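From just these sequences and the hints, can you work out the full model?
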Amino acid sequence: MQQHVSVSRGGAGQRGLVRLTARFGKRPIDLLFRGITLLFVLIVLAVILGVALVLVVNAWPTITRFGRSFLTNQAFDPVHNIFGVGPAIFGTLVTSAFALLFAVPIGVGASIFVVDFCPRPLRIPLAFFTDLLAAVPSVIYGLFGFLVLAPWLQHTGEPWLQQHLGFLPLFQGPIQGVGILAAGMILTVMVLPLIIAVSREVMLTVPTDQREAMLALGATRWEAIRYAVLPFSRVGILGGVILALGRALGETMAVTMVIGNQATKPSASLFQTGYTLSSVIANQFGEATPGLFFSAVIEAGLIVFVITFITNALARWLISSLERKGTRGVRV
Amino acid sequence: MSTTLHPFERNTANAFQPPPSALLIRRHISNALLIMLSTFFALFAVGVLFYLILYILRQGIPYLNLDFFTKPPAPNGEPGGGMGPAVQGTLILVGLAALLGVPLGLFTAIYLAEFGRGRLANAVRFIVDLLNGVPTIIFGLFAWVLIVVPQQTFSSLSGGVALGIIMIPIVARTSEDVLRLVPRELREASLALGATETRTILRVVLPAARGGIITGIVLAMARVAGETAPLLMTAFGSTFWNTDITQPMDALPLRIFNFTLSPYQVQINQAYAGSFVLILLILLASFAVRWFTGGFKRKF
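From first to last, the protein sequence lines are chains R and V. Numbering follows my numbering, in which position 56 of the first sequence is assigned residue number 56; successive positions increment by one, without gaps. Numbering follows my numbering, in which position 242 of the second sequence is assigned residue number 1242; successive positions increment by one, without gaps.
Hints are not guaranteed to be accurate.
Unchecked claim - Derived, one-sided and incomplete: chain R residues facing chain V with beta-carbon distance under 10 Å:
#1 Ile-29
#2 Leu-32
#3 Val-44
#4 Ala-103
#5 Thr-220
#6 Ile-225
#7 Arg-234
#8 Met-253
#9 Phe-285
#10 Pro-290
If you're looking for bench data, these hints aren't it; they were derived computationally from the structure. Everything numeric in this text was worked out from a predicted model, so none of it was measured. Yeah, the Cβ is synthetic: ideal placement off N, Cα and C, and Gly gets one too.
Next up, the structure:
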C-alpha cells in the first residue's frame, strides 16, 4: 500500500537523496520489520504443514497395512488387530446429509426473509442473534441434545414416528433416543446460523437496482427474488452450504454426546446408534495403545482433516468468485 | 397491469380497469405463499434457536452462586461443590493460547494488510481461512501426538498449544479487517512526515486500530474458551485445584461435558450453570466486537 505513495518534492539534486530515505521498505529497520512479519506468516504456514505432516506420519502404519480397506472395515478391533472406519464414515455422511436436507431450505428461506421482507428495525437484531448462535460452543448444543432432545425423542418423537410412519424402513428398529436421528437434528440446528449468515451476506451483495428494475417491470416481490436475486447469489449460497457441510462433517462434541457411539450394522433406520469420524477419535484416543490402534485413531483424524480441507477450499473458492465479480466483499 | 392496486381489490371507480387475469392472480397467490413460507422458516429457525438458548439460561441461573466459582466439584452424588478449578483452568488455558495465538495472528494480519500482495498473500489468506474450517479436534490430536504422548501425561500446556493454533485464524482475519479500515490518509500523513514504514505501522496504524484489534482478540479468546474437543486429549480435566501447566487441568467446557453425561442431578444442574457462564461470555464478546467495529450501525 505504501509503495503507491509518490514522493516528488525537491529539486533534481535532492531527488536521489529523498528517494534513498523515503523509498519505503528499503531502510534496514523496515526490511527487518517486514522480515519479522513474514517470519510469523511462515510460522503459521509451517504449523499447518506440521499438522498435516504429523497426521500422515503417525497414520502411516495403518495406511500401509490396510490401505483402502480402512474405509470399509467395520470396527476398531484391537484383539484381532483389524481397524476400520466403515460405520463412522456411514454415520458421518448420513448425519451431515440429514442436517443439510433440513437446514438448507430453512436457512435460505429465513435469509430471504431477513434480507427482503423483514421489518427494518428487526434486521440488525436478527442478524446479530444468528451470528451469536454460530459462536455458541458445541458442547452446549450437545448438552441440550443429550438432556432435552434425546429424552424427548425417546418418549415422544420416535414412538410417534414409528406409529404413524413405521412402514418406512427409516423409522424401524429399537427406540433409544440417542442415535443418528438425534445427531442429525442437533447438526441441523448447529449449521442453521451459518447458512443463514452466508446466504444473507451473499444476497446483500445483489445490487438494489437489479431488484428495483425487476419490481418496476411489474414483478411481484417473490418474482424479483426468484429472477433477480437468487440467480445472482446462487454460487455464493452454494459456497455457504458447502461451508456448512464442512462444519457438519467435522463436528465433534455435540454429535459425540447424542449419537450413541455404538457401531451397529448399517441399516436404513434413523433410530440406530452410530459413530462419526470425529466421535471415533473422541471415544477411542483414551484406549489407543501404541501401534496400529494409535495409528488408526490418527488416520481417522487425517480423513476428517482431508475431507474438511477439501470442502472448505471449495466453499471459499465459490464465495471468493463472487468477490472477484465486484460489488461488495463477502466476509464470512 | 399498469396499476399499483392489488389484483383482488377491483377499482370500481375506473370502468376502464381490466379485470385481473388468471395469470396475474396466480402470480400474486404464489407471491403471498412464498413470502409466508420464508417468514415461517425465519420464525421457525429463530424460534428453535431462541428456545434452546432460553432453556439453557433458565435451567442454569438457579444454580449459579458463589460456590460455583470458588469450590471444586463435590464427590459424586453429594450436593454442593462448584466448578472453581474449571473456571481457573479455562482462564489459564486461554491465557496460554493467547500467548501463542495473538502474536502469530496479529503479525500475520499486519503482513496481509500492509505488505501482502500477490500470490503469497492470497495463498496465506486462503490457508488461514481453511485453518478456520478445520475441526478443532484435529488440533487436539496434533498437540496430543506432539506433546502428550512423548510426555506421557496430559497437560494444560498441550491444551494451550491446541487452543492457540485455533486462535490464529480468528485473530488474523478480524485484525486484518480492522487494519484495512484505518484510512490510507493516516499512513500517507505519517510517511510524509518522514516516519519509517515500521514507525508508521507501530505508532500510527496499530494505535488507530487498537480498539478493534483488542475486541477481535477478546472474541477469539471467548471462542476458544468454549472449545471442548481439543481439550479432551490434552488438558483432559481434573477435579483438583492445579496451576502446574505440565499437569492435567480442568476447563469449563470439559467439566460441562463430564457433568452432562453424569447420572447425578446435582452435577447436571451445574452443567447448565456452566453453560450459562459460557453463553454469557460469548454474548459479551460478540457485543464488544459489534460495538467497536460499528456493526450495529451497518446499513443494509
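Results for each hint:
1. Ile-29: holds, 5 Å
2. Leu-32: Interface hint status for Leu-32(R): holds (8 Å vs cutoff 10 Å).
3. Val-44: Result: holds, 5 Å to nearest chain V Cβ.
4. Ala-103: holds, 9 Å
5. Thr-220: holds, 4 Å
6. Ile-225: The hint holds - Ile-225(R) has a Cβ within 10 Å of chain V, the shortest such distance being about 8 Å.
7. Arg-234: violated, 17 Å
8. Met-253: holds, 5 Å
9. Phe-285: holds, 5 Å
10. Pro-290: holds, 8 Å
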